[in-house]
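Need the complex rebuilt from these two chains, each delivered in its own frame; the hints are there to steer you.
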Amino acid sequence: MLAFTMRRLLATVPVMAIVAIIVFSLLYLTPGDPAAVLAGEQATAADIERLRIALGLDQPFLTRFGQWIGGVVQGDLGTSVFSRRPVMDLIIQRLEPTIALTVASLLIAVAIALPLGIIAAWRSGGIVDRVAMSFAVLGFSVPVFVLSYLLIMLFSVELKILPVQGYVPIAYGIGPFLSHLILPALSLGIVNAALIARITRAAMLEVLNQDYIRVARAKGLSVRKVLLKHALKNAAVPIVTVIGISFALLISGVVVTETVFNIPGLGRLTVDAILRRDYPVIQGVILVFSATYVVVNLLVDLSYGLFDPRIKY
Amino acid sequence: MSAKPPLLQVSNLGVTFRTEHGTVRALQDFSYELDAGETLAIVGESGSGKSVGALALMRLINDPPGRISDGSILYEGRDLLTLSEAQMQQLRGNDIAMIFQEPMTSLNPVLTVAEQIGEAVQLHQKVDAAAARNRALEMLQLVQLSEPERRLDQYPHELSGGMCQRVMIAMALACTPTILVADEPTTALDVTIQAQILDLIHDIKQRLGTAILLITHDLGVVAELADRVLVIYAGRKIEEAPVRTLLQSPRHPYTLGLLGAMPRLGATKDSTRLTEIPGIVPSLLEPIAGCAFAPRCSFAVERCRTEAPQLRQQGDAKHYAACWRSDDLAQPTT
Ligand SMILES: Nc1ncnc2c1ncn2[C@@H]1O[C@H](COP(=O)(O)OP(=O)(O)OP(=O)(O)O)[C@@H](O)[C@H]1O
Ligand SMILES: [Mg+2]
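Protein sequence lines, in the order shown, are assigned to chains A and B.
For what it's worth, the working numbering labels the leading residue of the first sequence as 1, then goes sequentially.
For what it's worth, the working numbering labels the leading residue of the second sequence as 1, then goes sequentially.
Isolated chain B (complex conformation) (with noise of 0.2 Å):
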């Protein structure tokens, strides 16, 4: 493709939280890119950094404890990193949109829907509360909702769950951005309605062209949405390549263990879960010699203990791992 740069570039990405027991390092040498429409999947176990990646992009981690220790994130040639709060305030919500895990707790439970959703729209399109209300009422269209002109006036605690997170992506894309970060957006949903909002997802990607960046434990979902996966273990980037390459032919015993109970493409798509990995996360606390994965892997050699593999490229161009023994994960399994 040609070599204009990507709508979305980060590079680096350190994030550290101080504790009582010590300083956290819960994001390391994080890089990684996003495309104009473009569906990227953040896959890792809980505790992995998925959250933190997401809310350093949009300068959200609270400081103290936390805080952005290095790198960059260059979004349409602007470093947002070196930005003021109050440019970081024009962005957020109108370029970059985020959408959360829990939308019964997301939504404020003394607001309306209408201003809520209106509230972003005035904010940064400097519109009246009349037409904002209007784009509202578009918005729930737009996400399906039964019966939108009642919505308007109700409160989150008239909405079921489905509902609520519809709000909230009726919300979050209400001032078209172009980035859309979705972190677990269908992990508190019962089944059904984690289909719909998917469905919903998909249908807004392929209607509005908002590039989404997809934070899930389901690989279902990553099957169904993403362009390309990258996959996080202990705050740093093991593994990334488009999707059907990674869950085809994964280079690193993580993905393979998280790969574990997942049905080929194709099958019917319960219990696509990531299975459990034995063993447990290491502490964050102490900088790990080695590979952080080592001690519950069950290809570790000498080697992996004592120096950290860096990131190399698969045989497939976009294809990245950082495992001492991935060439011999490339062996054909079938």
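So that you can see chain A by itself, here it is in the shape it has in the complex (with noise of 0.2 Å):
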């Protein structure tokens, strides 16, 4: 186990540095003159060329290259082009609001998925199972942002419940805290809600057709039994993995539902850094995010051995 965990994290570190690549190449590979973007339109041709040197622009790709990833390496992402304050700072302030936003999100995904995707493959066929694989199907065509507008026409423009959009801090008391956490955190769960629940269903549709949960309600064995212990760590492999992958959708999900519910956030940064071309910022968010998407990933892998000890390291 230990050994194939050291394995396992050697090798993210090629994936990294072809993340690192790929993230640093989008420079290069977007169309327009950065130097000429951020000097203004006034700027002569001079004032461009001035600022194209002072960004160390004019130096070769690799020799960049080079610089920047030896910074990275050592947790330096870059100055921001428009606010001259390191990447790493923006980062670290922004980071709350968005891990509070992702973690709320998965909760209530799994949370919803979970016990929806398990009576749907009890009851195959039956009315719960209809109505659950339509909602599934409905919350995974509704694109988030029109979710999050219906949401806020609802709780907080008719019932007047919650608040419309913003963020407060949870060292600011858990209330408010949760009050604005709520909508975006559903509005994103919801979807994810959707695919996690589509696969458990399916997942546990083979395992309930066993022949060892027939032998687990010979025991005499409650349903609800049969089914949380011995079926749901047979189906557990296919729903984590899943749900390693909706993780991904979140990451997406959550630059769409920040700008949406104004949440001062990673999604925000980005949005903010690509209108305003500040190239060190978008470098470093979408760093950050493949970051986690890679260590998530990890961790998957490495709980399947926790469910089934048929997987041998």
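Hints in this document: simulated from the structure, not taken from any laboratory.
Wrong hints could be hidden among the right ones.
[To be verified] What follows is a list of derived Cβ distance ranges for each label pair: (1) A:Asn262 <-> B:Arg18: 51 to 57 Å; (2) A:Phe140 <-> B:Asp63: 27 to 33 Å; (3) A:Gly175 <-> B:Gly161: 58 to 64 Å; (4) A:Ser303 <-> B:Asp153: 17 to 23 Å; (5) B:Pro282 <-> A:Ser303: 49 to 55 Å; (6) B:Thr82 <-> A:Asn209: 27 to 33 Å; (7) A:Leu228 <-> B:Gly209: 31 to 37 Å; (8) B:Thr82 <-> A:Ile127: 24 to 30 Å.
[To be verified] Simulated coverage check for chain B against chain A, where a stretch passes if three residues somewhere in it have a Cβ under 8 Å from a Cβ of chain A: (9) 57 to 66; (10) 97 to 106; (11) 117 to 128.
Beta carbons: idealized from backbone N, C-alpha and C, even for Gly.
Next comes the structure, spelled out in structure tokens:
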């Protein structure tokens, strides 16, 4: 197990290296001259040239990549072109809302999807199954921002029980923190719940047809125990995998949701940076998102062994 | 014997399945009795309704698509068909336990042997995990599994088919049920292991006095273990008799067909599997006029195709057969 963990950790190094190269190359792949954009419309050619040299944009690609990556491994993601502040500081500042949103969405998604998928599989073809799966198709085809606006209309505008937008840090009290978090987390959670519920249902359906489920029933176990102890553990590998995948969806969803709900998180930072062509910030945020995703995948891989003793490392 | 009611009395049991093509009558008017400590074998071709009968007894027919449509199952004076699901759960595994045909797939791959045996013990005997584990170990010793202590913490994939079936038997017997339903317990095993498992069941029957409902294809198994035999065809009981009577003087052509390749008692136990009878099992979708076996029966006469024969008592007091021509079959053949 330990050896496997080490091996998997080492394997993430080339993955991250490739991610870093792609992230850095973004600057070259996107149209437009960053120096020209940054200098503004009134700038002369000389102004732009000066800025280009100041930013180091005149250096060859490899030199600049070397400098950038050298900083990255030391935790230095460069300096924002727009605010002149270290990218790392900007990211850390914006971290809390995004973590809160992601964790809450994932919890909501799992809390909705697991029971729904399990019951749908147990009563497959029944009313619950059909309603749940219609919900799943709907949840998956409605864009996050549409759902967000619908929820805002209902809970904030009509019922007036939740704030329309904004974010309150947890340090300012758990009540305001949660009341601001609930709608964005719900919009994002529901979309992910749809995906997780479908996979849970499919995985459970396969397991429920196995002989050992009938054996468990023949022992006198309750349906609940059979489903949660005997079936769910066998269905866990695909379910955990899809939760890992849904994490990737969450990351893109965060960008949209934070914009709709005006939450000062990493998603907003990304959008603002893109609008301002603040390349160091864009690169930094993407790198952080990618690293998180790689880590989540690693955890998912490592968790398989907990559920299935046949998986040997 | 005395007028004491049997341990188990199944009467006129009917089971139907809803399918795309219509309603399948998998079991009709199915009745039998089982006394304490007795072994009743149920034999019949594939698809004749043996497993459906066993599952119906445990009330484990999946609904939908299946449904127990008629009859009663009296166990110790209570009709199981009137019990709530919660009451059935108390009974399953505790009073009536079951072992299945495929030992390798009947154990949960992600739970250890100790967990799987222990959970039934914990559930029914309300003991703690340590006591349940002790009981599991005791049971593994009873079923003569090698290195029982080590097996406790192993997973099914670390065991062979024969070992899995021993674990299944240990699991089924852990709460000392009065009835053990064994649905083809040796079919999936290779021959030498089959013999070992049969010896084990034989031994357990002697030692624990468990009544056994033994479903099988194998007449060697019947001869060795059963007290009485019930023959089932197309979801109906067509013959029932004490084992010697049935093997020596069957009164239904179908039974005779099944016995076709059966060596006389005492002969070697090879090739004792049921012979193939020409023709196919009738569709259970349509009600059948006359005897369901008539189209395949070399004894069939006109009456067989129009009028369904009822079970009638034969020469021996406990011998019943449903055939118009059973008396003709009674002619001594030697
Ligand atoms: N889930 C089901 N849906 C529809 N029909 C079913 C279902 N289960 C059983 N049946 C019907 O019941 C009949 C009897 O099945 P059963 O499993 O009892 O046969 P069996 O005698 O145990 O055969 P085998 O020796 O192959 O195990 C089948 O022929 C089938 O028509
Ligand atoms: Mg069967």
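Hints versus structure:
1. A:Asn262 <-> B:Arg18: 51 to 57 Å: Holds: the Cβ-Cβ distance is about 55 Å, inside 51 to 57 Å.
2. A:Phe140 <-> B:Asp63: 27 to 33 Å: holds, 31 Å
3. A:Gly175 <-> B:Gly161: 58 to 64 Å: holds, 60 Å
4. A:Ser303 <-> B:Asp153: 17 to 23 Å: holds, 21 Å
5. B:Pro282 <-> A:Ser303: 49 to 55 Å: holds, 52 Å
6. B:Thr82 <-> A:Asn209: 27 to 33 Å: Because 29 Å falls inside the window, the suggested range holds.
7. A:Leu228 <-> B:Gly209: 31 to 37 Å: Holds: the Cβ-Cβ distance is about 36 Å, inside 31 to 37 Å.
8. B:Thr82 <-> A:Ile127: 24 to 30 Å: holds, 27 Å
9. 57 to 66: holds (count 3)
10. 97 to 106: Coverage by chain A holds for the stretch 97 to 106 of chain B (6 residues, Cβ < 8 Å).
11. 117 to 128: The restraint on the stretch 117 to 128 of chain B holds, since 4 of its residues have a Cβ under 8 Å from chain A and three suffice.
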